[in-house]
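Enquirer: Listed below, chain by chain, are the residues.
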Amino acid sequence: MDDKNASQHPNYVQVFLTFARNSLVRDMMFRTNFIIEAISSLSWALMNVGFYWIVFEHTPSIGADTGWGKYEFFIFMATTWIINSIVQAFFMPNSEEFSEMIRTGGLDFVLLKPIDTQFLVSLRKVHWSSLSNFLLGMGLLVLSINELQDRPTAPWKLTPSIVGLYAVYCACGVAILYSLMTCLASTSVWLGRNQTLYDFWFYITNFSRYPMEIYRRGWGIVLWVVFTFIVPVLLVVNVPARILAQPLADNTSWRWPLAMFTIFAAIISVLISRWVFQRSLLAYRSASS
Amino acid sequence: MVIPSSTNVGNPSPVGDFPARDQRAISNCQSVAVGDLLPPTERRTDQQRPAAYNPASMAIIEIENLTKTYRVYQKREGLKAAIAGLFHREHREVYAVRGINLQVEQGEFVAFLGPNGAGKTTTLKLLSGVIYPTSGSARVMGFVPWERDNEYRRRFALVMGQKNQLWWDLPAQESFRLHQQIYRIPPTEFTRRLDELSDLLQVRPLLGRPVRELSLGERMKMELIAALLHSPEVLFLDEPTIGLDVVAQHNIQQFLKFYQQERRITILLTSHYMKDVAALCKRVVVITDGRIHFDGSLDQIIDSFSGNRIVRLQLAEGQTADGLSMLAEVESVELPRVTLRCARSDVTRVLARILERYQIVDISIEDPPLEEIIAKLFQDAPAGRNDVAEVEVGR
Amino acid sequence: MIAWTVRTLPQRASTWWTIYRIALEERMAYRGDFALGTLMRFLPIVTQIFLWWAIFDAAAAATGKSHLAGYSFHDMVAYYLLSMLGRAFSSMPGLASTVARQIREGEIKKYLVQPIDMIGFMLLARMAHKSAYYAIACGPFALVFYLCGDYFPAWPTVEVGLAFLLSLVFAFLLGFFLDLCIGLIGFWFLEVSSLLFIYMLLNFFLSGHMFPLDLLPVGWRGAVDYLPFRYLAYFPAAIYLGKVPSSQLWQELGVEALWLVGMIFIARYLYARGVRRYSGYGG
Chain H
7 MDDKNASQHP NYVQVFLTFA RNSLVRDMMF RTNFIIEAIS SLSWALMNVG
57 FYWIVFEHTP SIGADTGWGK YEFFIFMATT WIINSIVQAF FMPNSEEFSE
107 MIRTGGLDFV LLKPIDTQFL VSLRKVHWSS LSNFLLGMGL LVLSINELQD
157 RPTAPWKLTP SIVGLYAVYC ACGVAILYSL MTCLASTSVW LGRNQTLYDF
207 WFYITNFSRY PMEIYRRGWG IVLWVVFTFI VPVLLVVNVP ARILAQPLAD
257 NTSWRWPLAM FTIFAAIISV LISRWVFQRS LLAYRSASS
Chain Z
802 MVIPSSTNVG NPSPVGDFPA RDQRAISNCQ SVAVGDLLPP TERRTDQQRP
852 AAYNPASMAI IEIENLTKTY RVYQKREGLK AAIAGLFHRE HREVYAVRGI
902 NLQVEQGEFV AFLGPNGAGK TTTLKLLSGV IYPTSGSARV MGFVPWERDN
952 EYRRRFALVM GQKNQLWWDL PAQESFRLHQ QIYRIPPTEF TRRLDELSDL
1002 LQVRPLLGRP VRELSLGERM KMELIAALLH SPEVLFLDEP TIGLDVVAQH
1052 NIQQFLKFYQ QERRITILLT SHYMKDVAAL CKRVVVITDG RIHFDGSLDQ
1102 IIDSFSGNRI VRLQLAEGQT ADGLSMLAEV ESVELPRVTL RCARSDVTRV
1152 LARILERYQI VDISIEDPPL EEIIAKLFQD APAGRNDVAE VEVGR
Chain V
30 MIAWTVRTLP QRASTWWTIY RIALEERMAY RGDFALGTLM RFLPIVTQIF
80 LWWAIFDAAA AATGKSHLAG YSFHDMVAYY LLSMLGRAFS SMPGLASTVA
130 RQIREGEIKK YLVQPIDMIG FMLLARMAHK SAYYAIACGP FALVFYLCGD
180 YFPAWPTVEV GLAFLLSLVF AFLLGFFLDL CIGLIGFWFL EVSSLLFIYM
230 LLNFFLSGHM FPLDLLPVGW RGAVDYLPFR YLAYFPAAIY LGKVPSSQLW
280 QELGVEALWL VGMIFIARYL YARGVRRYSG YGG
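Residue numbers (my numbering), protein chains in the order written: chain H, 7 to 295; chain Z, 802 to 1196; chain V, 30 to 312.
Same shape as in the complex, but just chain H (with noise of 0.2 Å):
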């Protein structure tokens, strides 16, 4: 706010604050709808938390010896929402909203701006609502953690690094994830309407929503590695769940090899999401009218 350091470059933090403060202004304008949003997607997480604990009526596990018990899958689950929040609250309108953009022309008054359009596309809108999953998915994890507390065989263990590392990962799910959306997002640019885009999106998301263990078995193998190393989307939740949940005891000798490439994928998902933006803009024609 230093009236004489005009930089270059504007204060991407105050910038993002004030699209977020806009968004909660706006959003508050239409409180009912923001509550009923919020109890929309808490029902929605509820009934999955009620379908698992029906599954865990009938079966100690998911997998035979993978160790994914009811509150490791908990844990499990709660990571799955507290990411696809945060992903839906920051990204995912901005993302439905540049191909709508891209198809009306809208996109013009972005790039006349001063400022990096990717970011601009990306968080011009805070979708606050969606974060109500967030603190749904913390409190899961809180009861899933006193849960484990005192768990029998293979004794559960909270350290600050382990803490560290699973924000570090949660943070890694949520850059493939938007790496994913804006990729998808940007094809618009070629493809025009692109509602099928958006069920892809869900269904290839939906390979994330459960532990890995299952898909290595017969042909899973191939959905195993296609989702893991061309697609990472089996490494969004997978990961920092478990190195939250500890599934296992002894340390299986795939762990940190795979901790070491999620780091990797995030990076290059960014990277490419970048050049793919970039390569759209390229395209874009700017409808008339």
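What you were told as hints is all true, and nothing was included just to trick you.
Which stretches of chain H does chain V cover? Using the computed rule of at least three CB atoms under 8 Å from a CB of chain V, they are:
hint, stretch
1, 46–52
2, 56–62
3, 68–75
Using C-beta positions, here's what the derived DEER-type ranges look like:
hint, chain 1, residue 1, chain 2, residue 2, range
4, V, A89, H, V228, 21 to 27 Å
5, V, A286, H, N212, 32 to 38 Å
6, H, F125, V, G99, 54 to 60 Å
7, V, R41, H, R109, 39 to 45 Å
8, H, L164, V, G99, 36 to 42 Å
9, V, A89, H, W225, 16 to 22 Å
10, V, L176, H, V31, 50 to 56 Å
11, Z, E952, H, R109, 27 to 33 Å
12, Z, Q1003, H, H15, 31 to 37 Å
13, Z, Q963, H, F22, 28 to 34 Å
Under 7 Å between C-beta atoms, here's a sample of chain H residues computed to sit facing chain Z:
hint, residue
14, P16
15, V21
16, T24
17, N28
18, D114
19, L117
20, L118
21, K119
22, I121
To be clear, the hints were calculated from the coordinates, so they are not data collected in a lab. It should be emphasised that the depicted structure is a prediction, and the values quoted were computed from it without experimental measurement. Think of the CB as a built atom: it goes at the ideal place given N, C-alpha and C, for glycine as much as any other residue.
Position chains Z and V relative to chain H; hints supplied.
Expert: Only chains Z and V this time, still in chain H's reference frame:
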């Protein structure tokens, strides 16, 4: 047909030569608040040019052979064709802009005229850096627009009458504050500019109202404020008065006129309303079929493209219009008023004859309506226009 | 009255046919998108298969049982596929929200002005919508069912097959009238989107789309059996998989028919009351 631009650049027509409608527009503005603020004389000095480019050797906008083509895919009917289309697509090239050359000096207010799909908006979008050209070059204040340098983007603005950039559900001032952040406008400067602009446009009480509750005219004023908050040196206006009622149109014209004269900024405007053009622009560039068809003053358009004059007579009581059709083409007869049209070269001869034979109470000689002249100008454009129009409409 | 009805029948039939045909053409315009979209809709099934595979494995390792609530792993996969088929009949995307929107924006007037019955019109349009959908979707469905053929039990008897087909038709009609009723509530409440969402959630959970209702704890199961939702996805699949004893088959279908008749009456009633209320306000 094409009149070279260089003859007219920096050589505005003498004020005394204004067509009648311009005089009217100027006299009108005295009755409007904005008009009262008009400075008495032009203050055009070369010293006020921005420093980023070399004013001695460059015009503020330089366009050379600018061309933009679109590839249009030939869509086929049916599922089979749709699947085949995934692997092999037939396409054809459609020109939106074909080789435009143009120079605009600092402080000029230039109008782009042309039929729908002629390439006016595409040219503005190219100059704004929103789309990339297929070939050719352009420089605005020394910047290549489509490189989208932050420094460049801080120094110009684009206003589009058909699109809005303000947050729909929020008061306009929230969007303005966002602009302040993005353009890094110092707070004191921001407040001063906002006060000034909202007073000029008389929208200060509306700043706190959600944009969706504003009328179209009020919304356009807010768009203008948003575009001018960062004091752009170059302003592109794409149909800024489209869809507005006469009063709102007039207000915006007067504002633009005043603002441009006071700040000496460079403005490029496209409009369908001849009133906008007549009121604001001394220089007119006619674009048809992606090419510059004419570049000069409005008077020159009238001189070159209309050989006719309109003669309005008020006949004395008891007189009839009989026999007038022998002298000139009769446009309308509503006694005692008669409107005639005749070739410019014939005007004196015709008038002499009329005065000889009829008793006349009043007489006036005018140019034909500008719309008519422009329509004629557009019609002269070569074929192939339809292709281009398709692109602008198609999404 | 009857004579009049009979006399105007050909004319009316042609009107209905025209409505159906136009709606069908409209839907067919998007067939490319459609086929791809349908195929993608099976992707979650893939994860479901792996999820249940893991669950059955773990359950077997822990307790030695190969069946959960009477379902083998193969039954479970077949159940999900069949319930998708049921949903393909009973789900009415956009119906309730369209009705509510038409009421809110006054578009409903056109049904009051023109000599068409709104509910009949909507039903025909939906039938056209669904016909178009089946015409395109049968390919992807057949492909997936063929690929997963091993998971299915032997072909059912003719009786069970007939009951299955009937239950699908009923599922379509029941789904239509349930959704319609929710939409018609728009006559009384302007904003029904929240209600819609809750309905959608309940529907998803209680219709058996999410999991076979047999997995529910006993008390819950009893309650769910008294709701109409289970006919929308669970019931057709259960018939096919032989979960409904043949002695109860026709009786159960009878109960479903009663539900259907009840819902038709409720929809008619809501519409009549709603229109009266609407006209009363002068729209």
